[in-house]
Amino acid sequence: MQNELTEQDNDLLTSFESIVVPASTGKRFANYIIDIIVFYGLIFLIAVIFALLNMPLFTESENSTGFDFMSNILALLMYGIYMFIVEALFKGKSLGKLITGTRAVNLDGSRISVTTAMGRGFSRAVPFDTFSALGSPSNPWHDKWNKTMVMDEKLSTIVAETI
63 MQNELTEQDN DLLTSFESIV VPASTGKRFA NYIIDIIVFY GLIFLIAVIF ALLNMPLFTE
123 SENSTGFDFM SNILALLMYG IYMFIVEALF KGKSLGKLIT GTRAVNLDGS RISVTTAMGR
183 GFSRAVPFDT FSALGSPSNP WHDKWNKTMV MDEKLSTIVA ETI
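Heads up: the sequence shown begins at 63 in my numbering, then just goes up one per residue.
No wet-lab data here; the hints were simulated from the structure. From a predicted model like this one, the values you see are computed outputs, not experimental measurements. Be a bit skeptical, because a hint or two may be false.
[Said to hold, decoys possible] Taking CB as the label site, the calculated pair distances span:
id	residue 1	residue 2	range
1	L151	K209	41 to 47 Å
2	W207	E79	25 to 31 Å
3	V100	F190	20 to 26 Å
Positions of the beta carbon are idealized from the N, C-alpha and C atoms, including for glycine.
With the hints as extra help, turn the sequences into a complete structure.
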């Protein structure tokens with residue numbers, strides 16, 4: 063009798079499947095807004111610290127127009143590095159994802175690796191990646207190229223081994 067119960071329990075556990083529900087476009091947009099505010103807040107904090115220490119961050123040339131093309135590219139690259147570090151350390155989460163109850167995962171619902179987080183981060187440095195997220199369903203380039211998605215944790219059912 064004891065042996066039958068464990069076989070039934072095993073069948074019950076193996077028949078359970080993961081259901082991964084993609085996050086809505088609204089939640090993805092909220093993630094982006096929260097994460098970009100946090101990113102620029104950190105940049106501002108670093109700039110204040112450098113100013114207090116009387117250390118110039120950048121030197122301006124005579125022909126500089128201020129916030130130029132290279133500054134935009136540098137900001138994109140820094141944002142990509144920031145998101146890589148955050149998603150790698152927190153296993154697919156960022157502050158925005160924590161607040162909205164979402165997580166970056168592989169398409170099968172498993173956790174992203176550090177390598178995948180790096181790919182997602184540097185894919186964000188591609189100009190216009192943000193605009194690729196517009197539409198419904200939201201499937202930006204950094205997800206397509208790395209075979210990932212952002213799932214809604216409250217609506218998804220994940221088997222313990224995958225996440």
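Against the structure, the hints come out as follows:
1. Between L151 and K209, the C-beta spacing of about 21 Å breaks the proposed range 41 to 47 Å.
2. For W207 and E79, the hinted distance range of 25 to 31 Å is satisfied, since their beta carbons lie about 27 Å from each other.
3. As the Cβ distance of V100 to F190 is approximately 22 Å, the hint placing it in 20 to 26 Å holds.
Consistency note: the structure conflicts with earlier hint 1 alone.
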